[in-house]
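Residue numbers (the UniProt record's numbering), protein chains in the order written: chain A, 1 to 161; chain B, 1 to 161; chain C, 1 to 161; chain D, 1 to 161; chain E, 1 to 161; chain F, 1 to 161.
No wet-lab data here; the hints were simulated from the structure. Quick caveat: nothing in here was measured; it's all calculated off a predicted structure. Hints should not be assumed to be uniformly reliable.
Given that identical chains are not distinguished, each listed pair holds provided it fits within a single copy or across any two copies.
[What the hints assert, rightly or not] Derived EDC-like pairs: lysine to aspartate or glutamate, alpha-carbon spacing no greater than 16 Å straight-line:
1) 136 with 159
2) 51 with 18
3) 136 with 18
Protein chains: 6
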Amino acid sequence: MAHGLTHLDKTGAAHIVDIADKGETARSAVAGASLIATPEIVDAIFGGSLKKGDAIAVARVAGIMAAKKTSELIPLCHPIPITKITIAIERDSAPHTVTIEARVESLGRTGVEMEALTAASVTALTLYDMAKALDKSMTIENLRLIKKSGGKSGDYARERA
Amino acid sequence: MAHGLTHLDKTGAAHIVDIADKGETARSAVAGASLIATPEIVDAIFGGSLKKGDAIAVARVAGIMAAKKTSELIPLCHPIPITKITIAIERDSAPHTVTIEARVESLGRTGVEMEALTAASVTALTLYDMAKALDKSMTIENLRLIKKSGGKSGDYARERA
Amino acid sequence: MAHGLTHLDKTGAAHIVDIADKGETARSAVAGASLIATPEIVDAIFGGSLKKGDAIAVARVAGIMAAKKTSELIPLCHPIPITKITIAIERDSAPHTVTIEARVESLGRTGVEMEALTAASVTALTLYDMAKALDKSMTIENLRLIKKSGGKSGDYARERA
Amino acid sequence: MAHGLTHLDKTGAAHIVDIADKGETARSAVAGASLIATPEIVDAIFGGSLKKGDAIAVARVAGIMAAKKTSELIPLCHPIPITKITIAIERDSAPHTVTIEARVESLGRTGVEMEALTAASVTALTLYDMAKALDKSMTIENLRLIKKSGGKSGDYARERA
Amino acid sequence: MAHGLTHLDKTGAAHIVDIADKGETARSAVAGASLIATPEIVDAIFGGSLKKGDAIAVARVAGIMAAKKTSELIPLCHPIPITKITIAIERDSAPHTVTIEARVESLGRTGVEMEALTAASVTALTLYDMAKALDKSMTIENLRLIKKSGGKSGDYARERA
Amino acid sequence: MAHGLTHLDKTGAAHIVDIADKGETARSAVAGASLIATPEIVDAIFGGSLKKGDAIAVARVAGIMAAKKTSELIPLCHPIPITKITIAIERDSAPHTVTIEARVESLGRTGVEMEALTAASVTALTLYDMAKALDKSMTIENLRLIKKSGGKSGDYARERA
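Modelling step: build the complete structure from the supplied sequences, incorporating the hints.
Given below as structure tokens:
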């Protein structure tokens with residue numbers, strides 16, 4: 001881990017790190033999150049009966065568009081040529097849980113982990129927004145990177161996804 | 001809860017709900033999240049020794065700017081005249097946890113819950129981005145509304161913040 | 001009409017006109033457009049069988065989000081506190097036509113005509129995008145203001161909507 | 001046309017399709033639109049006598065900037081490295097018509113049809129905005145793809161441009 | 001000046017200061033800048049003979065649109081309901097100087113100084129961009145607030161504009 | 001210089017020039033600016049005692065994020081795949097001056113001069129914003145390109161940086 005921590009350079013200042021020497025390779029990342037709600041809200045989300053409209057469709061579009069905005073939101077992220085985005089929103093076996101997975105792919109010089117995490121996060125927040133008239137105590141848990149591939153740092157897969 | 005669920009109107013279509021009849025009142029919301037990492041990363045975040053720069057300062061600015069972008073990210077949110085934003089990023093008593101709180105205030109016709117949640121989420125994601133060269137298994141947990149005040153739906157405070 | 005045309009002022013330069021003296025009143029605008037396609041494409045749009053996904057839901061979200069971006073797109077538009085947005089996407093009696101209507105409301109100092117027109121336009125363009133793998137010869141016709149109310153210039157209703 | 005329509009996959013969900021396998025080639029697209037107005041307005045647009053300023057120059061800049069925003073507006077569009085944009089705004093032989101053409105070029109993995117259509121649309125809407133104090137009954141017609149080249153789907157040229 | 005400097009609060013952290021208690025009043029600000037170039041470039045800018053197009057018109061639109069983006073660019077600026085923007089671009093008596101002035105007005109709870117300064121800055125940068133094929137040694141000087149009115153801090157006028 | 005000036009083409013219209021034939025090469029640009037303030041303000045900026053928070057950290061993040069927004073601000077700029085951004089903010093030997101330098105790098109088909117200038121400009125404006133409660137008479141001077149490398153037009157270095 002020592003190679004990651006570093007003595008501060010002269011200024012220790014925030015900067016966008018150089019990626020010009022990194023190869024342009026196929027990269028992918030999958031991130032996940034869970035929305036914890038009441039079973040009634042989970043039913044309303046998947047039954048399409050929320051007052052504001054079809055939560056699944058709206059949240060999916062929100063997640064896709066957020067992935068494309070990642071470098072505007074996360075200050076030190078590079079702009080990245082995304083080649084594919086998919087968002088899955090599913091009922092979990094637990095009756096109070098909505099499971100979200102975002103997959104992003106790119107052919108570029110840096111990874112797409114932040115794009116996948118941003119997409120998963122905004123998808124979950126959009127579900128919250130559409131259901132919050134019913135209950136404000138929902139929480140978003142376990143926002144995490146599930147796996148990534150490509151790039152110098154190699155592949156990564158979380159042990160317990 | 002019945003007033004929240006509703007028979008689908010003719011189309012059941014997603015829409016931005018009418019707030020013209022709601023009063024322009026003082027509104028505030030506080031949202032929180034936790035970044036769960038290794039104690040070494042928590043030390044590096046607060047010690048300012050991360051390679052990409054001062055994580056606390058960068059994440060705070062990211063959270064503030066994200067709050068202002070909420071209506072661009074969450075499809076059915078109204079644009080809102082924000083009057084104040086503060087972000088707290090603190091060490092938790094648990095050695096592997098960074099605690100984030102975002103407070104947003106407005107004088108407007110609808111609440112600022114989503115602005116506070118978006119700010120907390122992007123603050124946490126920015127910390128993840130700045131530390132992810134050390135460890136990709138960090139997770140963001142307990143992204144939630146802690147309290148809100150103002151508006152027709154009245155005040156809300158989570159039982160266990 | 002003479003009050004609209006004007007002798008050039010010293011520079012004749014583009015500018016955002018002053019609205020500080022205009023009252024903050026309820027304003028609404030409805031704009032429409034038609035997507036002209038093959039009957040097969042119209043069937044695919046409403047049957048949800050397009051390869052890229054549910055065109056109606058995606059186009060509606062796109063139109064709503066575009067309304068909020070109007071002042072970023074149309075250089076001389078003021079930023080406006082939108083209070084409501086709805087988008088209707090319907091089959092026309094003519095088998096090759098999709099009818100789009102966007103309604104925007106505000107409490108502000110200037111009208112929301114451009115917001116409604118921008119929403120209708122982006123909704124139609126999104127339908128085009130989702131169906132263009134099938135046929136690129138679709139056209140968007142009759143993008144127009146149907147009616148507006150509020151403001152000094154008073155109400156307007158197109159004779160033949 | 002069968003290859004375009006498809007059985008729904010497991011979810012039928014909206015997604016950004018994979019373009020990683022498509023070649024990075026030269027691509028261009030030309031889109032057009034017509035603004036239908038009174039002859040007096042057409043004169044004012046080309047005579048530079050509109051109260052809000054030089055409509056041609058403002059609308060051209062608006063169209064150029066909109067092309068660059070396409071992937072923010074059309075949810076399933078990929079971000080694209082645009083290499084050239086030109087916008088032509090001309091008097092038609094018909095005295096009540098302004099003709100708009102937008103040309104966009106790229107070296108990339110997917111086409112620029114939506115960029116050209118978005119540019120033409122926003123150029124026309126900006127002309128509408130600048131002239132609407134004179135007459136709100138203007139319409140935008142015949143927003144369409146005129147031709148495109150490059151990419152796997154090959155060249156396309158509308159029969160009657 | 002003591003009321004401006006302050007002991008650090010507990011965190012000293014960047015934040016968007018509270019403006020909810022400030023009155024909603026008419027506010028205006030005028031900012032200026034100078035582009036210093038060769039007399040040939042100044043001639044080309046005002047003669048409309050630059051290869052990239054009409055620099056004055058493009059720079060004016062850029063400045064207007066930038067004013068509307070101020071709260072996206074300057075992290076601690078509040079979003080503001082702008083009511084008027086004008087940009088003047090003029091030849092100075094000195095043959096190598098282009099003079100830029102941006103005026104912004106609002107009815108709001110905080111001033112528009114940053115909006116005027118951002119507009120003047122982006123107007124000047126756009127002129128630089130359009131002429132830089134001729135000479136890269138141009139400089140932008142004297143970017144400054146010329147005057148402001150409205151708000152608790154009262155009126156301000158620079159002694160030597 | 002004759003190759004830069006040009007006879008107007010048919011329209012002389014603003015456009016984004018074609019860069020498809022330019023090679024994808026390593027490019028860098030360094031831009032600078034000076035904020036001229038009172039010595040007390042310079043002390044407060046570097047001492048971290050400004051009421052709004054840590055000006056250096058906030059201004060640096062603002063400059064980095066602005067570089068990524070350049071093609072949204074400067075109408076005729078191409079979107080560019082930035083590979084590195086650093087911002088230096090330093091005390092000058094003159095007690096009333098803060099020196100700003102922004103360095104941007106890319107692997108692309110056009111230069112990054114405007115990205116570096118935009119970053120330097122927004123960094124300086126953010127410092128102004130954070131200190132303006134103390135004194136509004138600060139000015140930004142000498143916003144300029146210091147050097148650039150890469151591309152057909154070759155390297156450039158200002159004689160007196």
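Here is how each hint holds up against the structure:
{"no.": "1", "hint": "136 with 159", "verdict": "between (32 Å within a copy, 12 Å between copies)"}
{"no.": "2", "hint": "51 with 18", "verdict": "between (47 Å within a copy, 12 Å between copies)"}
{"no.": "3", "hint": "136 with 18", "verdict": "neither (42 Å within a copy, 20 Å between copies)"}
Hint compliance for this structure: hint 3 is the single one not met.
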